[in-house]
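Enquirer: Chains as they are written, first to last, in my numbering: chain A, 1 to 115; chain B, 1001 to 1114.
Since the hints were made in silico from the structure, they are not lab data. A hint or two may mislead.
What the hints assert, rightly or not - Okay, the calculated bits of chain A under chain B, using three or more residues with CB under 8 Å as the criterion:
#1 35-46
#2 64-70
As the list claims (entries may be wrong) - Capping the alpha-carbon separation at 20 Å, the derived lysine to any residue pairs in SDA-like fashion look like this:
#3 1078/B <-> 1112/B
#4 1101/B <-> 61/A
#5 55/A <-> 1099/B
#6 57/A <-> 1043/B
#7 1101/B <-> 11/A
#8 1101/B <-> 65/A
#9 1101/B <-> 13/A
#10 3/A <-> 1043/B
#11 1101/B <-> 18/A
#12 1101/B <-> 50/A
#13 71/A <-> 1100/B
#14 1101/B <-> 9/A
#15 1101/B <-> 15/A
#16 53/A <-> 1100/B
#17 55/A <-> 1043/B
#18 3/A <-> 1080/B
#19 1049/B <-> 62/A
#20 1078/B <-> 1001/B
#21 57/A <-> 1022/B
To be verified - Pair by pair, the computed Cβ-Cβ distance ranges are:
#22 84/A <-> 1018/B: 16 to 26 Å
#23 103/A <-> 1029/B: 19 to 29 Å
#24 62/A <-> 1114/B: 42 to 52 Å
#25 1016/B <-> 60/A: 39 to 49 Å
#26 1082/B <-> 15/A: 25 to 35 Å
#27 30/A <-> 1017/B: 36 to 46 Å
#28 65/A <-> 1003/B: 42 to 52 Å
#29 103/A <-> 1068/B: 21 to 31 Å
#30 20/A <-> 1066/B: 17 to 27 Å
#31 1082/B <-> 103/A: 22 to 32 Å
#32 69/A <-> 1079/B: 47 to 57 Å
Keep in mind it's a predicted model, so treat the numbers as computed, not measured. Each residue gets a CB set at the ideal place from its N, CA and C atoms; glycine is no exception.
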Amino acid sequence: DVKVTQSSRYLVKRTGEKVFLECVQDMDHENMFWYRQDPGLGLRLIYFSYDVKMKEKGDIPEGYSVSREKKERFSLILESASTNQTSMYLCASSPTGALSTDTQYFGPGTRLTVL
Amino acid sequence: AQSVSQHNHHVILSEAASLELGCNYSYGGTVNLFWYVQYPGQHLQLLLKYFSGDPLVKGIKGFEAEFIKSKFSFNLRKPSVQWSDTAEYFCASMATDSWGKFQFGAGTQVVVTP
């Protein structure tokens, strides 16, 4: 089974702090994604990566950056956390192939609260 | 820009009732379409997907969805629900000329009562 793990289930940070959210997948997938999930808004794509050191902006990249130094790891960075970044953050990975969008495998999520 | 809308935010129904969840996407080009489900306390997982071919697709746990291109719709159906179908359901699309940029709907919370 594909396993996508996220470093924390719950995180509480203060406004202005730099926050790192880590995601690791164990299936050698090329593609990795970061979303935030908010009630009534569904999932919104922040960034994705289709290869090591490659990244693409999603719909809401402002206030976030990402890092992918190794294939299995994709980090989301909040440079200066703000209260409006309080949310559930979901990481996903997917393979590349003829049907490269076949399935995204999601992690359990990190619920971040910014005070 | 593409977007996805789901018709209902909350649905409550009894066991054995039929379920239909509406999903419409807005994009004039070719899209891949998905339904994901999130059971309480669990990860999001894929229910079914449509890329091309037969517009009626079958997924896991007895779910099916029909792609109607003229209506820009991809509605999810199940003839007879069980209590274990209580979950949040998300419709998603990805335009084939915008690889990786998935759009998710707001989700529909489904509660099945015994």
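Enquirer: To test your reading of the hints: which numbers does this structure violate?
Expert: The structure conflicts with hints 2, 6, 7, 9, 11, 14, 15, 17, 18, 19, 20, 21, 22, 26, 28 and 30, although it agrees with all the remaining ones.
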